[in-house]
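Position chain X with the ligands relative to chain D; hints supplied.
Chains as they are written, first to last, in full-length UniProt numbering: chain D, 1 to 259; chain X, 1 to 369.
The hints are simulated quantities; they were obtained by calculation from the structure and are not laboratory data. A hint or two may mislead.
What the hints assert, rightly or not - Heads up, simulated DSSO-like pairs for lysine-lysine below, C-alpha to C-alpha not over 27 Å straight-line:
hint, chain 1, residue 1, chain 2, residue 2
1, D, Lys63, X, Lys258
2, X, Lys264, X, Lys241
3, D, Lys111, X, Lys241
4, X, Lys264, D, Lys119
5, X, Lys136, D, Lys145
6, X, Lys181, D, Lys115
To be verified - Sample of chain X residues lacking proximity to chain D, with all beta carbon distances greater than 10 Å (derived):
hint, residue
7, Gly35
8, Pro93
9, Trp99
10, Asn133
11, Ile158
12, Val168
13, Gly192
14, Pro212
15, Leu247
16, Val265
17, Leu280
18, Ile346
Think of the CB as a built atom: it goes at the ideal place given N, C-alpha and C, for glycine as much as any other residue.
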Amino acid sequence: MSKRIDVKDLNVYYGNFLAVEGVNINIEAKSVTAFIGPSGCGKSTFLRTLNRMHEVIPGAYAKGEVLLDGADIYGAGVDPVTVRSNIGMVFQRPNPFPTMSIRDNVLAGVKLNNKRISKGEADALVEKSLQGANLWNEVKDRLDKPGSGLSGGQQQRLCIARAIAVEPAVLLMDEPCSALDPISTLAVEDLINELKDSYTVVIVTHNMQQAARVSDKTAFFNIAGTGKPGKLIEFAETSTIFNNPSQKATEDYVSGRFG
Amino acid sequence: MTATMTPTRRRSHLTKGQLPKYAPWAVLGVALVLGAALINLIGFNAFGWGIFTAVLFTVGLVAWSGAVEGARKAKDKLATCLVVGSFLIAVLPLVSVIWTALVNGIPGLLTPGFLGTSMNGVTGAADNRAVENGTKVLGGVYHALIGTVQITAVATIISVPVGLLTSVYLVEYGNDRPLAKAITFFVDVMTGIPSIVAGLFAAAFFFLVMGPGTKTGAVAAVALSVLMIPVVVRSSEEMLKIVPNELREAAYALGVRKWRTILKVVIPTAISGIASGVTLAIARVIGETAPILVTAGFATAINNNVFGGWMASLPTFIYTQILNPTSPSNPGPSDQRAWGAALVLIILVMLLNLIARLIASIFAPKKGR
Ligand SMILES: Nc1ncnc2c1ncn2[C@@H]1O[C@H](COP(=O)(O)OP(=O)(O)OP(=O)(O)O)[C@@H](O)[C@H]1O
Ligand SMILES: [Mg+2]
Chain D
1 MSKRIDVKDL NVYYGNFLAV EGVNINIEAK SVTAFIGPSG CGKSTFLRTL
51 NRMHEVIPGA YAKGEVLLDG ADIYGAGVDP VTVRSNIGMV FQRPNPFPTM
101 SIRDNVLAGV KLNNKRISKG EADALVEKSL QGANLWNEVK DRLDKPGSGL
151 SGGQQQRLCI ARAIAVEPAV LLMDEPCSAL DPISTLAVED LINELKDSYT
201 VVIVTHNMQQ AARVSDKTAF FNIAGTGKPG KLIEFAETST IFNNPSQKAT
251 EDYVSGRFG
Chain X
1 MTATMTPTRR RSHLTKGQLP KYAPWAVLGV ALVLGAALIN LIGFNAFGWG
51 IFTAVLFTVG LVAWSGAVEG ARKAKDKLAT CLVVGSFLIA VLPLVSVIWT
101 ALVNGIPGLL TPGFLGTSMN GVTGAADNRA VENGTKVLGG VYHALIGTVQ
151 ITAVATIISV PVGLLTSVYL VEYGNDRPLA KAITFFVDVM TGIPSIVAGL
201 FAAAFFFLVM GPGTKTGAVA AVALSVLMIP VVVRSSEEML KIVPNELREA
251 AYALGVRKWR TILKVVIPTA ISGIASGVTL AIARVIGETA PILVTAGFAT
301 AINNNVFGGW MASLPTFIYT QILNPTSPSN PGPSDQRAWG AALVLIILVM
351 LLNLIARLIA SIFAPKKGR
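Isolated chain D (complex conformation):
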């Protein structure tokens, strides 16, 4: 079910601009990995290259290898659509489909792909995914109401439910809690802890406590200056990064003595 990701010498470009340079990282299956680093250092950019979502942006391309359980997702003949159904993504801002009900939002990955599914199976999938996203109890009485009628935190958990309903091997999350209150944040963090049992989770966050709370390993990205490419500075166990980092920049950043 869950798969590991190995990245070798990855460079990411926006047109001529080299945004991320020379990343090598090995992400274990069934683990939570946090990406931290200052704004603009390329965390989102790098995260998107892990499921080829950067290709949606005109002019963006990546060079290097990203191996999903040993298979290069940039290999010849690989369909990005296949990659994305294996590697799901949750975005910074909750983005439920406004034309669909809560139920249809959860089923979006199935329905939009026109897969046949019986009513019973669909009901079971909706319940399982919403349970998985800690949202079932709050919405079970109004599954047919529009998803945009939920609170921001509920919408974000709906998006997580939608992402896990297609049962990806890996779940990428780009600052999933930055628009949420502490209670919703806690709900999402609990959820990440549970997801770890069956998925590989990669999370970008600006919140160090969050990184410390949820992740097994942490990657620190940094940028030398504006116009320079972002680089992976250090990647280690979370406790090492926060208590005993080997790089000066990492220590400065995690202790708040930055810049």
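Then chain X with the ligands, alone, in the frame of chain D:
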């Protein structure tokens, strides 16, 4: 209640130096009287009276306010007067048009059989008889109504797929490629094509393809779609552009293909705007006269076949009834029919606008819990 609780209606130091509430009405009254006096000097007419009153009102109110309230308030009053004045100038023609159409059109519209009969067999002699004996005016707009509805329907069937697919290409696949830029440019050019040119184009095109003198409803529909397509492209493009990119990304991240994303996420999200854009495009071409005259000719009898034979439409019906009254010596009945048809056309356009709003609210993404 104690007497001390009654609030004082007199001015406090906070409301000092303001014009009293009745000030505009007082000025308006004075302006009306003075305006009437002035206009009588050069001969009374209602329009001149209105102009004089408006000018006097503005001058009076601004001057008074300037004296009592100071320059800032006076400027505010002046701006308010100008804004309201422009608004009145803008709606006056509109109200006047609707009023004239109503007054002149209702007798025609209320004549029994006006909506249900054509002009087939209605001759000048019949009109003369109607005028001399005071009997009801024969003939109606049924054939023209049928023609207008059919021609616009065919034009819509041609324009909507072409226009919608073009806008999908421009927004989703164009990426500022040379082809997309060229399409945008030519759509802009097409927006400015005079309608008669569109009519001539369609006529010439069918002349080449089908042979000389081909005049049918379908030719007219082609002419109208030349006018409609750019409007549909433009409005759909705007609507597709405002669909947030996040929704597309959400679908892609679920492993949904691009064309499915467009079909099932982007277009449904934008459908209400697209639908009202299409309806407004229809409203825009439904009143076209010249292109229909050169492409569908003119008929007095009912023709239900868009692909064969000349066809009437409401605008061309109005045009010919006014220009060539059925009875040249008694144009009254023709006038009445023309105004009736004009009223029908206005009602049709209003209905379309209503439908556009209805569609927009039905398809709009649902809000609330
Ligand atoms: N669509 C784009 N086109 C061109 N350049 C971009 C684009 N998106 C991001 N960049 C650039 O790439 C670099 C990395 O951006 P990225 O969004 O990955 O940063 P980030 O680490 O996620 O920052 P934040 O923490 O603020 O989200 C920045 O210099 C940014 O300006
Ligand atoms: Mg980011």
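Comparing the hints with the structure gives:
no.	hint	result
1	Lys63/D / Lys258/X	holds (23 Å)
2	Lys264/X / Lys241/X	holds (16 Å)
3	Lys111/D / Lys241/X	holds (24 Å)
4	Lys264/X / Lys119/D	holds (20 Å)
5	Lys136/X / Lys145/D	violated (57 Å)
6	Lys181/X / Lys115/D	violated (37 Å)
7	Gly35	holds (55 Å)
8	Pro93	holds (40 Å)
9	Trp99	holds (42 Å)
10	Asn133	holds (62 Å)
11	Ile158	holds (28 Å)
12	Val168	holds (16 Å)
13	Gly192	holds (30 Å)
14	Pro212	holds (50 Å)
15	Leu247	violated (6 Å)
16	Val265	violated (6 Å)
17	Leu280	holds (22 Å)
18	Ile346	holds (34 Å)
Consistency with the previously given hints fails for numbers 5, 6, 15, 16, ordered from lowest to highest.
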